[in-house]
Each structure stands twice: as structure tokens, then as C-alpha cells.
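Modelling step: build the complete structure from the supplied sequences, incorporating the hints.
Numbering (full-length UniProt numbering), first residue to last: 1 to 177.
Just so you know, not all the hints are guaranteed correct.
[What the hints assert, rightly or not] The calculated BS3-like cross-link candidates involving lysine-lysine, where the alpha carbons are at most 30 Å apart (straight line), are:
| hint | residue 1 | residue 2 |
| --- | --- | --- |
| 1 | K140 | K121 |
| 2 | K121 | K102 |
| 3 | K125 | K58 |
| 4 | K5 | K28 |
| 5 | K110 | K121 |
[What the hints assert, rightly or not] Each pair of labels, with its calculated beta carbon distance range:
| hint | residue 1 | residue 2 | range |
| --- | --- | --- | --- |
| 6 | S6 | R103 | 33 to 41 Å |
| 7 | Y30 | K145 | 45 to 53 Å |
| 8 | R103 | R55 | 27 to 35 Å |
| 9 | N50 | M80 | 21 to 29 Å |
Everything labelled a hint here was simulated from the structure, so no lab data went into it.
Cβ atoms here follow ideal geometry from the backbone N, Cα and C, with glycine treated the same way.
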Amino acid sequence: MVKYKSELKAQIVHEYLSTSQSAYDLSKKYQINRREIAKWVQRYRLNGINGLKRRRQKRTFTTDFKLNVIDYYQTHEDSMAEVAARFDILAAQVSAWRTQFKRDGITALKPHPKGRPSKVKRTKKQIRQLANKSEVEQLKEELAKKNQELYNTKLERDLLKKSLSLFGPSKPGRKPK
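The structure is reproduced here in C-alpha cells:
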């Protein structure tokens, strides 16, 4: 993938916003994909000039942040790309986190240790601390599952209401003989 300088991105976004040129016209002028220009404009509108700069280091996300992104996507009618732009992440990350959460629950969203596990034995105090943490994590997981069930129930209810408004209530009528 070709990486463009942030100055060029800012220039193209400024041209797009200040003139009446479309992303299609700018894509022909600069020989850049129009979807890429549209992404830059969207990032600029949400995050300002910082949305156009390249990141220098790898970012890590907390479990709570991932849950917030998934919850926002499920409760709002924004597309995955819009949600990704709002939280300044990739749309593929939103999709991956969502499928991981559906498949394995909150444990899939937790950061996993890298490398080979150590062979050091843990003390009883360390084991107790891990047990206490796991209880809090279990409660968070249970709350996330309940939120998902509530969301699904609301969707079913809305679907039933819509079908009733479209087709009307079913009336027990006489069948012709």
C-alpha cells in the first residue's frame, strides 16, 4: 500500500472542502483512489489534522475500549467504517473484535501474553490475587452477555412491532367451505 505524506493529504482535503470539486475529480487530478480521499476527509472531519498523520508506534487497546466499540456499533445505526473512523481504528479491527466476542465472549478481547509461558511457580498469594481478578472479569463477562441478550430482545421486539404495523394483527376469521 502506498503511503502518502500528511501534507499532501491535508492539501487534498483542503481542496475538497474549500472548492466544489468532488472526490472523483481530485482522484483524477492526483491519481489517488477516490475512496482513499473520502477516508481522509472523514478522518479530518472527526479528528482534525491529527487524523491525517501517520502513527509511529503500535497501539494496544484495553478490553473496555473494545467492548465500548462493539457496543457502539450494535446500538447505533452507523456503518462499520463510520464507527472505525469515530474511534480512530481500522474497520477490520471492529469486525474482528465483534466476531471474537460473539464466538468466545469477553475472554477473547483480553490481551494475551506474548511468547512462551514462564516455568516459575506462583506463590499462594499470587494465586489468590488471580482468583480475585477472575471474579471481577467473570462479572464483566456476565454483564456483557446480558447486554447482548437485551440488545437481541429489543431487536426481536422491534421486528415484531414493524411486522404488525405492516401486515396488521392476525384475525381469527372463518375459513371458506
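Hints versus structure:
1. K140 to K121: The hint holds at about 28 Å.
2. K121 to K102: violated, 34 Å
3. K125 to K58: violated, 33 Å
4. K5 to K28: Holds, because 18 Å separates the two Cα atoms, which is no more than 30 Å.
5. K110 to K121: Judged against 30 Å, a Cα distance of about 23 Å means the pair holds.
6. S6 to R103: 33 to 41 Å: The hint (33 to 41 Å, Cβ to Cβ) holds, given that S6 and R103 are roughly 37 Å apart.
7. Y30 to K145: 45 to 53 Å: Check passed, 48 Å falls within 45 to 53 Å.
8. R103 to R55: 27 to 35 Å: With Cβ atoms ~29 Å apart, the hint holds.
9. N50 to M80: 21 to 29 Å: holds, 22 Å
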